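Enquirer: Sequence:
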Amino acid sequence: MGPAGRGRAPAPERRRGARVRSRLGAPEASKGGVLQIPSRHTFDALVAALHQASKRKDLKGVFVAFGAAPLGWARAHELGDALAALKSAKVPVLCHADAWENATYAAAARGCDTIAMSPGGEVEATGPAATVPYARELLVDKLKAQVDILQVGKFKGAAEPLTRDGPSEEYRQSIEGALGAITRSYKEALEVRGVADLAGTGPWVGEEAKNKKLVDLLVDRKAARAEIKKRARDAPVQTAFGAGAEAPPKLALVDVIRLLSQPTGEATARPHVRLVRLHGEISLGGEGGGLLGRPTGIVARRVVERAHALAEDARVRAAVLRIDSPGGSALGSDLAWIALKELRDKKPVIVSVGEMAASGGYYLASAGTRIFAEPESIVGSIGVVGGKIAFGGTLAQLGVHTATFGDPRAAKMASLTEPWDDATRARLLETMKGIYDLFLKRIADGRGRAVDSFDPAVEGRVFGGDRAKELGLVDEIGGLGHALAHAKKAANLDETSPVVVDDATSFFEILAPDDDEVLAPLGAAATPELRALHHWLRAFARATSEAHPAHVATMLPVPLLVR
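Per my numbering: the sequence shown = residues 203 to 765.
Please note: incorrect hints may appear among the correct ones.
Distance condition first, Cα-Cα at most 25 Å in a straight line; then the derived DSS-like pairs of lysine-lysine [what the hints assert, rightly or not]: (1) 432 <-> 292; (2) 643 <-> 671; (3) 414 <-> 543; (4) 549 <-> 643; (5) 549 <-> 691; (6) 691 <-> 643; (7) 289 <-> 415; (8) 257 <-> 292; (9) 289 <-> 259; (10) 691 <-> 356; (11) 671 <-> 691; (12) 414 <-> 289; (13) 356 <-> 289; (14) 292 <-> 424; (15) 614 <-> 643; (16) 543 <-> 614; (17) 344 <-> 671; (18) 289 <-> 431; (19) 635 <-> 614; (20) 432 <-> 548; (21) 431 <-> 412; (22) 548 <-> 356; (23) 543 <-> 412; (24) 346 <-> 257; (25) 614 <-> 346; (26) 344 <-> 356; (27) 424 <-> 414; (28) 257 <-> 415; (29) 432 <-> 543.
Keep in mind the hints are simulated off the structure, nothing from the lab.
Computed from a prediction, not measured in an experiment: that's the story for all the values here.
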(Lines of atoms letter the chains of each structure in order from A; the text may use other names.)
(Lines give C-alpha, C1' and ligand atoms only; values in the text may rest on other atoms or scores of the structure.)
Protein backbone atom coordinates (compact mmCIF):
# COMPACT_ATOMS: atom_id res chain seq x y z
CA MET A 203 0.00 0.00 0.00
CA GLY A 204 1.16 3.50 -0.70
CA PRO A 205 1.45 6.17 1.96
CA ALA A 206 -1.62 8.05 3.13
CA GLY A 207 -2.30 11.28 1.24
CA ARG A 208 -2.09 9.81 -2.29
CA GLY A 209 -5.77 9.24 -2.76
CA ARG A 210 -5.93 6.43 -0.21
CA ALA A 211 -7.46 6.41 3.23
CA PRO A 212 -5.01 6.55 6.16
CA ALA A 213 -4.06 3.20 7.59
CA PRO A 214 -6.07 2.33 10.68
CA GLU A 215 -4.39 2.79 14.04
CA ARG A 216 -2.48 -0.36 14.85
CA ARG A 217 -3.75 -2.25 17.86
CA ARG A 218 -1.23 -3.44 20.39
CA GLY A 219 -0.86 -5.78 23.31
CA ALA A 220 1.24 -4.94 26.33
CA ARG A 221 3.28 -7.25 28.51
CA VAL A 222 4.08 -6.58 32.16
CA ARG A 223 6.78 -8.60 33.90
CA SER A 224 6.83 -8.49 37.69
CA ARG A 225 9.42 -11.16 38.38
CA LEU A 226 11.47 -8.90 40.68
CA GLY A 227 8.45 -8.07 42.81
CA ALA A 228 8.39 -4.35 41.88
CA PRO A 229 10.06 -3.12 45.09
CA GLU A 230 9.50 0.38 46.47
CA ALA A 231 13.08 1.63 46.09
CA SER A 232 15.57 1.39 43.28
CA LYS A 233 19.24 0.74 43.88
CA GLY A 234 20.17 1.64 40.34
CA GLY A 235 20.61 -0.41 37.22
CA VAL A 236 24.21 -1.60 37.60
CA LEU A 237 24.05 -4.48 40.09
CA GLN A 238 20.58 -4.20 41.58
CA ILE A 239 17.05 -3.33 40.45
CA PRO A 240 16.79 -0.71 37.68
CA SER A 241 14.59 2.32 38.33
CA ARG A 242 12.11 1.25 35.65
CA HIS A 243 11.42 -1.93 37.67
CA THR A 244 10.23 -0.16 40.81
CA PHE A 245 6.65 -0.02 42.05
CA ASP A 246 5.96 3.57 41.03
CA ALA A 247 7.02 2.76 37.46
CA LEU A 248 4.75 -0.29 37.43
CA VAL A 249 1.73 1.69 38.66
CA ALA A 250 2.44 4.44 36.13
CA ALA A 251 2.66 1.92 33.30
CA LEU A 252 -0.65 0.31 34.18
CA HIS A 253 -2.54 3.55 34.72
CA GLN A 254 -1.28 4.94 31.42
CA ALA A 255 -2.20 1.68 29.70
CA SER A 256 -5.81 2.07 30.88
CA LYS A 257 -6.01 5.33 28.87
CA ARG A 258 -4.69 3.88 25.61
CA LYS A 259 -7.17 3.46 22.77
CA ASP A 260 -4.98 1.09 20.75
CA LEU A 261 -4.50 -1.55 23.45
CA LYS A 262 -6.17 -4.91 22.84
CA GLY A 263 -4.82 -6.93 25.74
CA VAL A 264 -2.42 -7.01 28.68
CA PHE A 265 -0.33 -9.97 29.85
CA VAL A 266 1.03 -9.80 33.42
CA ALA A 267 3.73 -12.30 34.35
CA PHE A 268 4.09 -12.62 38.12
CA GLY A 269 7.32 -14.12 39.41
CA ALA A 270 8.27 -15.77 42.68
CA ALA A 271 9.22 -12.54 44.45
CA PRO A 272 6.66 -11.74 47.17
CA LEU A 273 4.48 -8.66 46.92
CA GLY A 274 3.53 -6.70 50.04
CA TRP A 275 -0.15 -6.49 50.93
CA ALA A 276 -0.54 -2.74 50.40
CA ARG A 277 1.27 -2.87 47.05
CA ALA A 278 -0.84 -5.86 46.04
CA HIS A 279 -4.00 -3.84 46.68
CA GLU A 280 -2.83 -0.93 44.53
CA LEU A 281 -1.60 -3.23 41.78
CA GLY A 282 -4.98 -4.96 41.77
CA ASP A 283 -6.77 -1.61 41.49
CA ALA A 284 -4.52 -0.59 38.58
CA LEU A 285 -5.28 -3.85 36.77
CA ALA A 286 -8.98 -3.38 37.50
CA ALA A 287 -8.81 0.02 35.77
CA LEU A 288 -7.66 -1.80 32.63
CA LYS A 289 -10.51 -4.27 32.99
CA SER A 290 -12.97 -1.39 33.37
CA ALA A 291 -11.61 0.04 30.12
CA LYS A 292 -12.64 -3.23 28.43
CA VAL A 293 -9.02 -4.33 27.96
CA PRO A 294 -8.55 -8.09 28.48
CA VAL A 295 -6.06 -8.76 31.29
CA LEU A 296 -4.46 -12.20 31.61
CA CYS A 297 -2.24 -12.82 34.63
CA HIS A 298 0.11 -15.78 34.99
CA ALA A 299 2.24 -17.16 37.80
CA ASP A 300 3.95 -20.48 38.32
CA ALA A 301 2.29 -20.48 41.76
CA TRP A 302 0.14 -17.92 43.57
CA GLU A 303 0.99 -16.78 47.09
CA ASN A 304 -1.65 -14.91 49.09
CA ALA A 305 -0.87 -11.26 48.29
CA THR A 306 -0.13 -11.70 44.58
CA TYR A 307 -3.29 -13.76 44.17
CA ALA A 308 -5.29 -10.98 45.84
CA ALA A 309 -3.91 -8.53 43.26
CA ALA A 310 -4.84 -10.87 40.41
CA ALA A 311 -8.31 -11.52 41.83
CA ARG A 312 -9.01 -7.79 41.97
CA GLY A 313 -7.93 -6.94 38.46
CA CYS A 314 -7.40 -9.87 36.09
CA ASP A 315 -10.03 -11.21 33.69
CA THR A 316 -8.18 -14.48 33.41
CA ILE A 317 -5.88 -16.07 35.99
CA ALA A 318 -3.46 -18.70 34.73
CA MET A 319 -1.06 -20.95 36.61
CA SER A 320 1.55 -23.51 35.66
CA PRO A 321 0.08 -27.03 35.88
CA GLY A 322 2.22 -28.06 38.84
CA GLY A 323 1.65 -24.87 40.81
CA GLU A 324 -0.58 -24.13 43.77
CA VAL A 325 -2.78 -21.29 45.00
CA GLU A 326 -1.80 -20.67 48.60
CA ALA A 327 -5.27 -19.46 49.72
CA THR A 328 -4.30 -19.85 53.37
CA GLY A 329 -5.25 -16.31 54.31
CA PRO A 330 -2.96 -13.66 55.83
CA ALA A 331 -0.96 -14.58 58.92
CA ALA A 332 1.68 -12.78 60.96
CA THR A 333 4.80 -14.46 62.29
CA VAL A 334 6.90 -12.96 65.08
CA PRO A 335 10.12 -14.76 66.15
CA TYR A 336 10.97 -14.72 69.86
CA ALA A 337 14.60 -15.13 70.89
CA ARG A 338 14.59 -15.04 74.72
CA GLU A 339 15.62 -18.67 75.12
CA LEU A 340 18.50 -18.24 72.68
CA LEU A 341 19.78 -14.98 74.17
CA VAL A 342 19.16 -15.51 77.88
CA ASP A 343 19.17 -19.27 78.50
CA LYS A 344 21.72 -20.41 75.94
CA LEU A 345 23.98 -17.39 75.38
CA LYS A 346 23.64 -16.01 78.95
CA ALA A 347 23.15 -12.49 77.61
CA GLN A 348 21.31 -9.82 79.63
CA VAL A 349 18.58 -7.96 77.75
CA ASP A 350 18.10 -4.39 78.98
CA ILE A 351 15.21 -2.71 77.15
CA LEU A 352 12.92 0.12 78.21
CA GLN A 353 9.82 1.42 76.47
CA VAL A 354 7.28 4.22 76.63
CA GLY A 355 3.84 3.01 75.51
CA LYS A 356 2.32 -0.12 77.05
CA PHE A 357 1.35 -1.53 73.64
CA LYS A 358 4.83 -0.99 72.22
CA GLY A 359 5.97 -4.49 73.17
CA ALA A 360 9.53 -3.53 72.38
CA ALA A 361 11.25 -6.02 74.64
CA GLU A 362 9.05 -8.96 73.74
CA PRO A 363 11.05 -10.58 70.92
CA LEU A 364 14.10 -10.56 73.20
CA THR A 365 12.62 -11.14 76.66
CA ARG A 366 9.63 -13.42 76.06
CA ASP A 367 8.88 -16.74 74.42
CA GLY A 368 5.52 -15.46 73.15
CA PRO A 369 3.43 -12.28 72.90
CA SER A 370 1.80 -10.33 75.71
CA GLU A 371 -1.96 -9.83 75.60
CA GLU A 372 -1.52 -6.11 74.75
CA TYR A 373 0.70 -6.87 71.81
CA ARG A 374 -1.58 -9.67 70.63
CA GLN A 375 -4.53 -7.25 70.58
CA SER A 376 -2.56 -4.67 68.63
CA ILE A 377 -1.28 -7.04 65.96
CA GLU A 378 -4.58 -8.89 65.57
CA GLY A 379 -6.29 -5.55 64.94
CA ALA A 380 -3.87 -4.66 62.14
CA LEU A 381 -3.98 -8.19 60.74
CA GLY A 382 -7.77 -8.07 60.72
CA ALA A 383 -7.65 -5.19 58.22
CA ILE A 384 -5.44 -7.24 55.90
CA THR A 385 -7.72 -10.26 56.23
CA ARG A 386 -10.84 -8.24 55.39
CA SER A 387 -9.20 -6.78 52.31
CA TYR A 388 -7.98 -10.23 51.23
CA LYS A 389 -11.51 -11.62 51.41
CA GLU A 390 -12.85 -8.61 49.49
CA ALA A 391 -10.36 -9.35 46.72
CA LEU A 392 -11.42 -12.99 46.55
CA GLU A 393 -15.07 -11.92 46.49
CA VAL A 394 -14.42 -10.18 43.14
CA ARG A 395 -13.98 -13.69 41.69
CA GLY A 396 -16.71 -15.16 43.86
CA VAL A 397 -14.31 -17.37 45.82
CA ALA A 398 -14.26 -15.58 49.19
CA ASP A 399 -15.47 -18.78 50.86
CA LEU A 400 -12.12 -20.39 49.93
CA ALA A 401 -10.07 -17.93 52.00
CA GLY A 402 -8.15 -19.92 54.57
CA THR A 403 -8.90 -23.31 53.00
CA GLY A 404 -5.78 -23.79 50.87
CA PRO A 405 -3.42 -24.62 49.47
CA TRP A 406 -5.05 -25.85 46.26
CA VAL A 407 -2.90 -27.56 43.63
CA GLY A 408 -3.34 -27.70 39.85
CA GLU A 409 -6.68 -29.20 38.81
CA GLU A 410 -8.07 -28.69 42.32
CA ALA A 411 -7.48 -24.95 42.02
CA LYS A 412 -9.09 -24.87 38.60
CA ASN A 413 -12.10 -26.89 39.75
CA LYS A 414 -12.55 -24.44 42.64
CA LYS A 415 -12.44 -21.59 40.08
CA LEU A 416 -9.39 -20.05 41.73
CA VAL A 417 -7.67 -20.19 38.33
CA ASP A 418 -8.98 -20.34 34.78
CA LEU A 419 -6.08 -21.89 32.88
CA LEU A 420 -3.38 -24.43 33.76
CA VAL A 421 -0.62 -23.57 31.30
CA ASP A 422 2.99 -22.44 31.42
CA ARG A 423 3.99 -18.83 30.83
CA LYS A 424 4.67 -19.28 27.11
CA ALA A 425 1.24 -20.80 26.51
CA ALA A 426 -0.44 -18.11 28.62
CA ARG A 427 1.17 -15.41 26.53
CA ALA A 428 0.04 -17.17 23.35
CA GLU A 429 -3.51 -17.23 24.73
CA ILE A 430 -3.67 -13.45 25.29
CA LYS A 431 -2.22 -12.89 21.81
CA LYS A 432 -4.97 -15.08 20.41
CA ARG A 433 -7.63 -13.10 22.26
CA ALA A 434 -6.05 -9.88 21.01
CA ARG A 435 -6.18 -11.27 17.45
CA ASP A 436 -2.41 -11.60 17.23
CA ALA A 437 -1.71 -7.96 18.00
CA PRO A 438 2.05 -7.37 18.46
CA VAL A 439 3.06 -7.74 22.11
CA GLN A 440 5.47 -5.23 23.57
CA THR A 441 6.92 -5.20 27.08
CA ALA A 442 5.73 -2.18 29.07
CA PHE A 443 7.44 -2.97 32.37
CA GLY A 444 10.28 -5.13 33.60
CA ALA A 445 13.00 -6.96 31.73
CA GLY A 446 12.91 -6.15 28.03
CA ALA A 447 10.83 -2.98 28.31
CA GLU A 448 11.14 -1.37 24.90
CA ALA A 449 12.29 2.16 24.23
CA PRO A 450 10.27 4.90 22.52
CA PRO A 451 8.87 5.46 19.98
CA LYS A 452 7.58 1.86 19.88
CA LEU A 453 5.44 2.06 23.02
CA ALA A 454 4.32 5.28 24.67
CA LEU A 455 4.17 3.61 28.07
CA VAL A 456 7.93 3.50 28.25
CA ASP A 457 8.02 7.27 27.84
CA VAL A 458 6.11 7.50 31.08
CA ILE A 459 8.33 5.00 32.86
CA ARG A 460 11.47 6.79 31.82
CA LEU A 461 10.02 10.12 32.79
CA LEU A 462 9.38 8.75 36.26
CA SER A 463 12.83 7.23 36.45
CA GLN A 464 15.04 10.05 35.25
CA PRO A 465 15.12 13.35 37.19
CA THR A 466 16.77 15.12 34.27
CA GLY A 467 15.98 16.86 31.01
CA GLU A 468 12.66 18.21 29.89
CA ALA A 469 10.64 16.83 32.81
CA THR A 470 12.60 18.71 35.47
CA ALA A 471 12.59 21.90 33.39
CA ARG A 472 8.79 22.07 33.63
CA PRO A 473 6.64 22.57 36.72
CA HIS A 474 6.26 19.09 38.17
CA VAL A 475 5.56 16.88 41.17
CA ARG A 476 8.63 15.36 42.80
CA LEU A 477 8.29 11.81 44.13
CA VAL A 478 10.58 11.13 47.10
CA ARG A 479 11.09 7.55 48.23
CA LEU A 480 11.65 7.10 51.97
CA HIS A 481 12.24 3.39 52.34
CA GLY A 482 13.81 1.38 55.16
CA GLU A 483 15.03 2.05 58.68
CA ILE A 484 15.75 5.62 59.75
CA SER A 485 19.31 6.49 60.73
CA LEU A 486 20.92 9.78 61.63
CA GLY A 487 23.73 9.47 59.09
CA GLY A 488 27.45 9.49 59.56
CA GLU A 489 27.60 5.98 60.99
CA GLY A 490 28.68 3.04 58.90
CA GLY A 491 26.06 1.00 57.13
CA GLY A 492 26.78 -0.63 53.82
CA LEU A 493 29.72 -2.56 52.45
CA LEU A 494 31.77 0.59 51.91
CA GLY A 495 30.76 2.33 55.12
CA ARG A 496 27.82 4.32 53.74
CA PRO A 497 24.53 4.22 55.67
CA THR A 498 21.51 2.76 53.90
CA GLY A 499 17.75 3.15 54.32
CA ILE A 500 16.36 6.57 55.27
CA VAL A 501 19.32 8.73 56.23
CA ALA A 502 18.07 11.79 58.11
CA ARG A 503 20.86 14.11 57.01
CA ARG A 504 20.18 13.33 53.36
CA VAL A 505 16.44 13.87 53.88
CA VAL A 506 17.22 17.28 55.38
CA GLU A 507 19.43 18.21 52.42
CA ARG A 508 16.88 17.08 49.85
CA ALA A 509 13.96 18.77 51.62
CA HIS A 510 15.84 22.08 51.68
CA ALA A 511 16.73 21.74 47.99
CA LEU A 512 13.15 20.93 46.97
CA ALA A 513 11.84 23.85 49.01
CA GLU A 514 14.02 26.24 47.00
CA ASP A 515 13.34 24.68 43.58
CA ALA A 516 10.57 26.71 41.95
CA ARG A 517 9.96 23.99 39.35
CA VAL A 518 8.93 21.55 42.09
CA ARG A 519 5.33 22.52 42.78
CA ALA A 520 4.53 19.67 45.17
CA ALA A 521 6.25 16.67 46.73
CA VAL A 522 4.90 13.16 47.29
CA LEU A 523 6.65 11.17 50.01
CA ARG A 524 6.35 7.42 49.44
CA ILE A 525 7.03 6.09 52.95
CA ASP A 526 7.69 2.46 53.76
CA SER A 527 9.47 2.38 57.09
CA PRO A 528 9.32 0.73 60.53
CA GLY A 529 11.15 3.72 62.04
CA GLY A 530 14.59 3.88 63.59
CA SER A 531 16.67 6.64 65.18
CA ALA A 532 14.62 9.01 67.35
CA LEU A 533 16.96 11.93 66.71
CA GLY A 534 17.09 11.18 62.99
CA SER A 535 13.28 11.05 62.85
CA ASP A 536 12.96 14.46 64.47
CA LEU A 537 15.59 16.14 62.28
CA ALA A 538 13.90 14.80 59.15
CA TRP A 539 10.46 15.88 60.45
CA ILE A 540 11.63 19.47 60.94
CA ALA A 541 12.98 19.68 57.37
CA LEU A 542 9.89 18.06 55.84
CA LYS A 543 7.60 20.39 57.79
CA GLU A 544 9.58 23.38 56.47
CA LEU A 545 9.10 21.99 52.95
CA ARG A 546 5.37 21.66 53.62
CA ASP A 547 5.23 25.32 54.70
CA LYS A 548 6.29 26.26 51.15
CA LYS A 549 4.41 23.75 48.98
CA PRO A 550 2.08 20.74 49.31
CA VAL A 551 3.69 17.60 50.73
CA ILE A 552 1.49 14.56 50.15
CA VAL A 553 2.30 11.27 51.87
CA SER A 554 1.66 7.83 50.38
CA VAL A 555 2.14 4.99 52.87
CA GLY A 556 3.39 1.73 51.37
CA GLU A 557 3.48 -1.39 53.52
CA MET A 558 3.99 0.60 56.71
CA ALA A 559 4.58 3.94 58.34
CA ALA A 560 5.27 2.71 61.84
CA SER A 561 6.77 4.63 64.76
CA GLY A 562 9.51 6.80 63.23
CA GLY A 563 7.98 6.12 59.82
CA TYR A 564 4.76 7.73 61.01
CA TYR A 565 6.81 10.49 62.67
CA LEU A 566 7.92 11.47 59.14
CA ALA A 567 4.46 10.98 57.64
CA SER A 568 2.90 13.39 60.13
CA ALA A 569 4.88 16.23 58.55
CA GLY A 570 2.79 15.90 55.39
CA THR A 571 -0.13 18.01 54.24
CA ARG A 572 -2.27 14.93 53.59
CA ILE A 573 -1.69 11.22 54.19
CA PHE A 574 -2.88 8.36 51.96
CA ALA A 575 -2.71 4.68 52.94
CA GLU A 576 -4.14 1.40 51.75
CA PRO A 577 -6.38 -0.65 54.08
CA GLU A 578 -3.50 -3.13 54.45
CA SER A 579 -0.88 -0.51 55.34
CA ILE A 580 0.42 -0.80 58.92
CA VAL A 581 0.23 2.59 60.61
CA GLY A 582 1.01 3.79 64.13
CA SER A 583 3.29 2.21 66.74
CA ILE A 584 3.65 5.65 68.31
CA GLY A 585 6.06 5.04 71.15
CA VAL A 586 9.72 5.03 72.11
CA VAL A 587 12.16 2.16 72.64
CA GLY A 588 15.54 2.18 74.35
CA GLY A 589 17.89 -0.59 75.26
CA LYS A 590 20.84 -2.84 74.66
CA ILE A 591 21.92 -6.44 75.02
CA ALA A 592 24.84 -7.06 77.39
CA PHE A 593 26.95 -10.01 76.28
CA GLY A 594 29.24 -10.19 79.32
CA GLY A 595 27.82 -13.56 80.34
CA THR A 596 28.23 -14.87 76.80
CA LEU A 597 31.88 -13.85 76.68
CA ALA A 598 32.54 -15.28 80.14
CA GLN A 599 31.46 -18.71 78.89
CA LEU A 600 34.13 -18.38 76.23
CA GLY A 601 36.78 -17.36 78.75
CA VAL A 602 36.71 -13.64 77.90
CA HIS A 603 36.46 -11.15 80.79
CA THR A 604 36.43 -7.34 80.92
CA ALA A 605 37.61 -4.68 83.36
CA THR A 606 36.18 -1.15 83.69
CA PHE A 607 38.31 1.96 84.31
CA GLY A 608 37.26 5.51 85.12
CA ASP A 609 33.67 6.39 85.97
CA PRO A 610 31.93 2.98 86.10
CA ARG A 611 28.48 4.49 85.51
CA ALA A 612 29.64 6.21 82.31
CA ALA A 613 31.35 3.04 81.15
CA LYS A 614 28.25 0.93 81.77
CA MET A 615 26.05 3.34 79.81
CA ALA A 616 27.40 2.20 76.45
CA SER A 617 28.99 -1.09 77.49
CA LEU A 618 28.00 -4.18 75.55
CA THR A 619 29.20 -6.44 78.37
CA GLU A 620 27.51 -4.98 81.47
CA PRO A 621 23.81 -4.22 82.07
CA TRP A 622 22.58 -0.87 83.34
CA ASP A 623 22.16 -0.27 87.07
CA ASP A 624 18.89 1.01 88.53
CA ALA A 625 19.96 4.66 88.56
CA THR A 626 20.97 4.55 84.89
CA ARG A 627 17.74 2.85 83.90
CA ALA A 628 15.69 5.48 85.76
CA ARG A 629 17.59 8.33 84.07
CA LEU A 630 17.21 6.81 80.62
CA LEU A 631 13.49 6.24 81.16
CA GLU A 632 13.02 9.93 81.95
CA THR A 633 14.93 10.80 78.78
CA MET A 634 12.67 8.51 76.77
CA LYS A 635 9.54 10.07 78.25
CA GLY A 636 10.79 13.45 77.05
CA ILE A 637 11.33 12.06 73.54
CA TYR A 638 7.86 10.50 73.59
CA ASP A 639 6.30 13.84 74.56
CA LEU A 640 8.15 15.49 71.65
CA PHE A 641 6.92 12.71 69.32
CA LEU A 642 3.31 13.44 70.33
CA LYS A 643 3.82 17.18 69.93
CA ARG A 644 5.24 16.74 66.41
CA ILE A 645 2.29 14.58 65.39
CA ALA A 646 -0.20 17.04 66.85
CA ASP A 647 1.50 19.96 65.07
CA GLY A 648 1.60 18.08 61.78
CA ARG A 649 -2.00 16.92 61.97
CA GLY A 650 -3.34 20.21 63.34
CA ARG A 651 -4.94 18.62 66.40
CA ALA A 652 -4.58 18.66 70.16
CA VAL A 653 -2.18 16.14 71.67
CA ASP A 654 -4.83 14.47 73.82
CA SER A 655 -7.04 13.83 70.77
CA PHE A 656 -4.59 11.07 69.80
CA ASP A 657 -4.99 9.12 73.06
CA PRO A 658 -6.77 6.12 71.41
CA ALA A 659 -4.02 5.90 68.78
CA VAL A 660 -0.83 6.11 70.84
CA GLU A 661 1.16 4.05 73.37
CA GLY A 662 2.54 1.80 70.66
CA ARG A 663 -0.69 0.54 69.10
CA VAL A 664 -0.61 -0.44 65.42
CA PHE A 665 -3.52 -0.25 62.99
CA GLY A 666 -4.56 -1.09 59.46
CA GLY A 667 -5.20 1.84 57.14
CA ASP A 668 -8.99 1.90 57.62
CA ARG A 669 -8.79 2.10 61.41
CA ALA A 670 -5.95 4.63 61.16
CA LYS A 671 -8.26 6.82 59.08
CA GLU A 672 -11.02 6.57 61.69
CA LEU A 673 -8.53 7.69 64.35
CA GLY A 674 -7.26 10.62 62.28
CA LEU A 675 -3.79 9.21 61.63
CA VAL A 676 -4.59 8.97 57.91
CA ASP A 677 -6.70 11.26 55.69
CA GLU A 678 -7.55 9.12 52.67
CA ILE A 679 -7.65 5.45 51.71
CA GLY A 680 -5.74 5.08 48.47
CA GLY A 681 -2.41 4.24 46.90
CA LEU A 682 0.45 6.04 45.24
CA GLY A 683 -1.63 6.91 42.17
CA HIS A 684 -4.21 8.67 44.33
CA ALA A 685 -1.49 10.59 46.17
CA LEU A 686 0.14 11.75 42.92
CA ALA A 687 -3.21 12.88 41.51
CA HIS A 688 -3.98 14.79 44.70
CA ALA A 689 -0.54 16.43 44.64
CA LYS A 690 -1.10 17.72 41.10
CA LYS A 691 -4.48 19.12 42.10
CA ALA A 692 -3.09 20.73 45.26
CA ALA A 693 -0.31 22.34 43.21
CA ASN A 694 -2.74 23.56 40.50
CA LEU A 695 -1.06 21.37 37.89
CA ASP A 696 -2.97 19.59 35.13
CA GLU A 697 -3.10 15.81 34.78
CA THR A 698 -0.41 15.77 32.09
CA SER A 699 2.19 17.49 34.29
CA PRO A 700 5.21 15.26 34.84
CA VAL A 701 6.15 13.34 37.96
CA VAL A 702 9.89 13.07 38.59
CA VAL A 703 11.49 10.58 40.95
CA ASP A 704 13.95 12.19 43.33
CA ASP A 705 16.41 9.31 43.27
CA ALA A 706 19.80 10.25 44.68
CA THR A 707 21.01 6.66 44.94
CA SER A 708 24.79 6.47 44.77
CA PHE A 709 27.12 3.79 43.48
CA PHE A 710 28.14 3.14 47.10
CA GLU A 711 24.55 2.24 48.02
CA ILE A 712 24.28 -0.06 45.00
CA LEU A 713 27.12 -2.13 46.48
CA ALA A 714 25.62 -2.29 49.99
CA PRO A 715 24.94 -5.87 51.10
CA ASP A 716 21.46 -6.96 52.04
CA ASP A 717 20.19 -9.57 54.46
CA ASP A 718 20.26 -12.29 51.79
CA GLU A 719 24.01 -11.83 51.36
CA VAL A 720 24.69 -11.85 55.10
CA LEU A 721 22.55 -14.95 55.70
CA ALA A 722 23.63 -16.82 52.56
CA PRO A 723 26.04 -19.15 54.43
CA LEU A 724 23.08 -20.52 56.42
CA GLY A 725 21.41 -21.78 53.26
CA ALA A 726 18.04 -23.42 53.87
CA ALA A 727 18.36 -22.80 57.62
CA ALA A 728 17.85 -19.08 56.98
CA THR A 729 14.06 -19.24 57.24
CA PRO A 730 11.87 -16.17 56.64
CA GLU A 731 11.43 -15.89 60.42
CA LEU A 732 15.20 -15.94 60.99
CA ARG A 733 15.71 -13.36 58.25
CA ALA A 734 13.07 -11.11 59.84
CA LEU A 735 14.72 -11.41 63.26
CA HIS A 736 18.18 -10.72 61.86
CA HIS A 737 16.93 -7.71 59.93
CA TRP A 738 15.17 -6.29 63.01
CA LEU A 739 18.11 -6.89 65.37
CA ARG A 740 20.45 -5.15 62.95
CA ALA A 741 18.09 -2.18 62.61
CA PHE A 742 17.51 -1.98 66.36
CA ALA A 743 21.23 -2.08 67.10
CA ARG A 744 21.90 0.65 64.55
CA ALA A 745 19.05 2.86 65.76
CA THR A 746 19.94 2.57 69.45
CA SER A 747 23.70 3.00 69.16
CA GLU A 748 24.19 6.08 67.03
CA ALA A 749 24.97 9.67 67.92
CA HIS A 750 24.38 9.62 71.68
CA PRO A 751 24.46 7.14 74.58
CA ALA A 752 20.72 7.18 75.30
CA HIS A 753 20.13 4.20 73.00
CA VAL A 754 16.69 5.49 72.04
CA ALA A 755 14.71 4.61 68.92
CA THR A 756 11.27 5.16 67.46
CA MET A 757 10.67 1.94 65.58
CA LEU A 758 8.22 -0.91 65.15
CA PRO A 759 9.05 -3.02 68.18
CA VAL A 760 9.08 -6.47 66.64
CA PRO A 761 10.29 -8.20 63.45
CA LEU A 762 6.77 -8.58 62.05
CA LEU A 763 6.43 -10.90 59.04
CA VAL A 764 2.97 -10.86 57.41
CA ARG A 765 2.29 -13.25 54.54
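Enquirer: Compare the distance between the alpha carbons of residue 543 and residue 614 with 25 Å, and conclude whether the hinted pair is satisfied.
Expert: Cα-Cα ~37 Å, so violated.
Enquirer: For the pair we were handed, residue 356 and residue 289, check the Cα-Cα distance against 25 Å.
Expert: Answer violated: residue 356 to residue 289 is near 46 Å, above 25 Å.
Enquirer: Is it true that the CA of residue 543 sits at most 25 Å from the CA of residue 412?
Expert: Violated. Residue 543 to residue 412 sits at ~52 Å, over the 25 Å cutoff.
Enquirer: Straight-line Cα separation of residue 671 and residue 691 no greater than 25 Å?
Expert: Holds - the C-alpha atoms of residue 691 and residue 671 are around 21 Å apart, at most 25 Å.
Enquirer: Would you check the hint for residue 614 and residue 643, treating anything up to 25 Å between C-alpha atoms as holding?
Expert: violated (32 Å)
Enquirer: Does residue 344 pair with residue 671 here, judged by a C-alpha cut-off of 25 Å?
Expert: violated (44 Å)
Enquirer: Holds or violated: residue 432 and residue 543, Cα atoms, limit 25 Å.
Expert: Given pair residue 432, residue 543 is violated - Cα atoms ~53 Å apart, limit 25 Å.
Enquirer: Are residue 549 and residue 691 close enough, with their CA atoms no more than 25 Å apart?
Expert: holds (12 Å)
Enquirer: Decide if the proposed pair is consistent with the structure: residue 432 and residue 548, CA atoms, cutoff 25 Å inclusive.
Expert: violated (53 Å)
Enquirer: Please verify whether residue 431 and residue 412 have alpha carbons no more than 25 Å apart.
Expert: With Cα atoms ~22 Å apart, residue 431 and residue 412 stay inside 25 Å; holds.
Enquirer: When you check the alpha-carbon spacing of residue 691 and residue 643, does it fall within 25 Å?
Expert: violated (29 Å)
Enquirer: Quickly compare the C-alpha distance for residue 414 and residue 543 to 25 Å and report which way the hint goes.
Expert: violated (51 Å)
Consistency note: the structure conflicts with the earlier hints numbered 3, 6, 10, 13, 15, 16, 17, 20, 22, 23, 24, 26, 28, 29.
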